[in-house]
Amino acid sequence: MNLTPDLIIYWQLGFLKLNATIVFTWLVMLVLVVGSILITRNLSNNLQRSRWQNALEVVVITINKQIEEVGLSQPQKYIGFLGTLFLFIAVSALGTIIPGFEPPTGSLSTTAALALCVLVAVPLFGIQETGLGGYLSSYTQPTIIMLPFNIISEVSRTLALAVRLFGNMMSGAMIIAILLTITPFLFPIVMTVLGLLTGIVQAYIFFILATVYIAAATSSSKTEVQSTETS
Amino acid sequence: MLIDWFTIIAQLINFLVLVWLLKHFLYRPILNTIDAREKRIADELADADSKRAEADQQREEFQQKNTEFDQQRTAKMNIVGEEAKTERARLLESVRQESDALRSKLELALKNEQLSLKDSLSQRAREEVFAIVRKALSDMAGTSLEASIADVFVKRLDALADAEKANLQSAFQDSTEALIVHTAFDLPKKQITQITKALHGLLGDGVVIEFATDANLISGIEIDSHGQKIGWSIADYLTTLTKRVNDVMLSHNAVQDESPELEKSQEQAS
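Top line first, the protein sequences correspond to chains A and B.
Everything in the first sequence is counted per the working numbering, starting at 1 for the first residue and increasing by one.
Everything in the second sequence is counted per the working numbering, starting at 232 for the first residue and increasing by one.
Calculated from the structure, these hints are not laboratory results.
All C-beta atoms in this analysis are idealised placements derived from N, C-alpha and C, irrespective of residue type, glycine included.
Do not take every clue at face value.
What the hints assert, rightly or not - Straight-line Cα separation of at most 30 angstroms, BS3-like style, residue types lysine-lysine; simulated pairs:
#	chain 1	residue 1	chain 2	residue 2
1	B	Lys336	B	Lys349
2	B	Lys307	B	Lys296
3	B	Lys282	B	Lys296
4	B	Lys349	B	Lys474
5	B	Lys460	B	Lys474
6	B	Lys396	B	Lys421
7	B	Lys282	B	Lys270
8	B	Lys396	B	Lys307
9	A	Lys65	B	Lys254
10	A	Lys65	B	Lys460
11	B	Lys386	B	Lys396
12	B	Lys366	B	Lys386
13	A	Lys77	B	Lys270
14	B	Lys474	A	Lys77
15	B	Lys386	A	Lys17
As the list claims (entries may be wrong) - Facing chain B, according to a computed beta carbon distance under 10 angstroms, are these residues of chain A, among others:
#	residue
16	Leu7
17	Tyr10
18	Thr21
19	Ile37
As the list claims (entries may be wrong) - Some, not all, of what chain A presents toward chain B, calculated at C-beta under 10 angstroms:
#	residue
20	Lys17
21	Ser44
22	Ile79
23	Ala113
24	Ile151
Could you build all of it, start to finish, from the sequences and the hints given here?
This is the structure:
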């Protein structure tokens with residue numbers, strides 16, 4: 001039993017290697033992209049439309065609305081990044097019901113990569129919205145004394161993002177694996193269902209936190225974000 | 232070590248690729264479609280709103296026209312009603328007048344008819360009465376009656392006053408033609424002789440006297456010459472009677488014809 005799918009290596013050439021994390025990430029990407037292409041191939045803007053299109057529209061509109069509700073007035077600009085975060089994590093979690101599937105989010109490398117993306121995206125969106133000066137000045141809010149704390153918080157929340165998601169996904173997969181050895185019937189199924197729920201919740205948490213960070217950066221009201229995070 | 236740097240880099244790249252792919256194949260088409268649909272629905276709603284506004288306007292116009300039409304109709308109906316009332320009154324008056332005229336005409340005709348019926352009835356009654364009398368008298372007449380009448384005749388001639396005798400003489404004396412004595416039946420010789428004698432005594436012996444019978448006389452004697460005529464006969468009596476009765480009837484009718492006009496004038500005056 002592996003703690004992380006990084007350790008399942010299919011092919012390696014020096015530094016380059018093809019482990020389960022990358023393979024299952026590609027699989028998730030393939031499902032998402034091919035599904036999207038198939039569904040959006042025959043989009044209808046009439047009142048009559050396919051149920052797949054309806055389902056996809058519901059997902060996209062819900063994400064859009066969530067982004068808007070957090071405080072980003074133009075969700076179309078951010079849905080590419082934030083929506084993909086949610087969908088990737090959610091589909092990875094949903095994939096756990098398939099036997100043999102290793103969720104890529106169960107790897108700290110993947111969650112760290114996602115957290116790094118958020119770490120980079122937040123200042124990028126902030127600078128794009130309020131300018132470099134405006135964004136940097138947000139670190140000195142409410143006083144200059146807060147600057148080191150703000151920087152520490154920026155790093156620590158990225159770390160928290162990565163570890164929180166990894167811990168949840170890994171523990172879910174781990175619990176199922178352990179239960180399978182102890183009680184092969186019933187309990188693993190219940191725990192799988194629970195895992196699905198926690199997976200989706202984690203996807204939502206990751207997505208909503210990233211959105212809140214970006215919203216905070218673009219509106220330069222740090223205090224609000226901090227209060228949201230602590231709660 | 233839980234963190235593999237190669238994997239982190241690979242996942243970063245994977246994630247960025249996924250972001251690009253989903254943006255291209257998922258979010259953009261879906262959002263565009265939703266925007267297009269919303270725009271279309273908004274357009275349709277706007278169109279529906281404008282159509283509804285148009286319909287409201289048309290409905291208002293229609294209602295206004297309807298109201299105007301109702302008012303016009305009511306006004307016209309009132310005018311027509313008044314006209315109809317006037318026309319009805321006029322027609323009723325005209326019909327009443329016509330009926331009055333017709334009734335008076337009818338009454339007059341009825342009266343005339345009654346009168347003419349009355350006239351013809353009385354005429355017929357008179358004729359019948361006289362015919363019966365004539366018949367009765369002619370039935371009773373006979374030679375013996377003639378003889379009696381001839382006697383009366385002779386006696387009357389004898390009993391004539393002088394003035395009357397002179398009149399007769401002036402009338403028949405100059406006549407050169409024969410005097411014709413008409414009787415209803417042939418007289419016996421005795422009476423013929425008496426009459427001849429009496430006439431000769433009155434008019435002179437030169438007068439030629441002839442005797443003839445005339446059933447129309449019924450009974451009696453008539454002397455005829457040159458349009459001069461003296462005599463005494465039942466036919467004469469009857470003719471005279473008839474004439475007098477007719478005169479009385481005519482005068483009575485004349486009085487009756489005048490009386491309705493009097494009544495009418497009295498009614499009008501009242």
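- Task: Taking the numbered hints from earlier one at a time, note which ones the structure violates and give those numbers from smallest to largest.
- Result: Checked against the structure, the hints that fail are numbers 8, 10, 14, 15, 17, 24, while the rest are satisfied.
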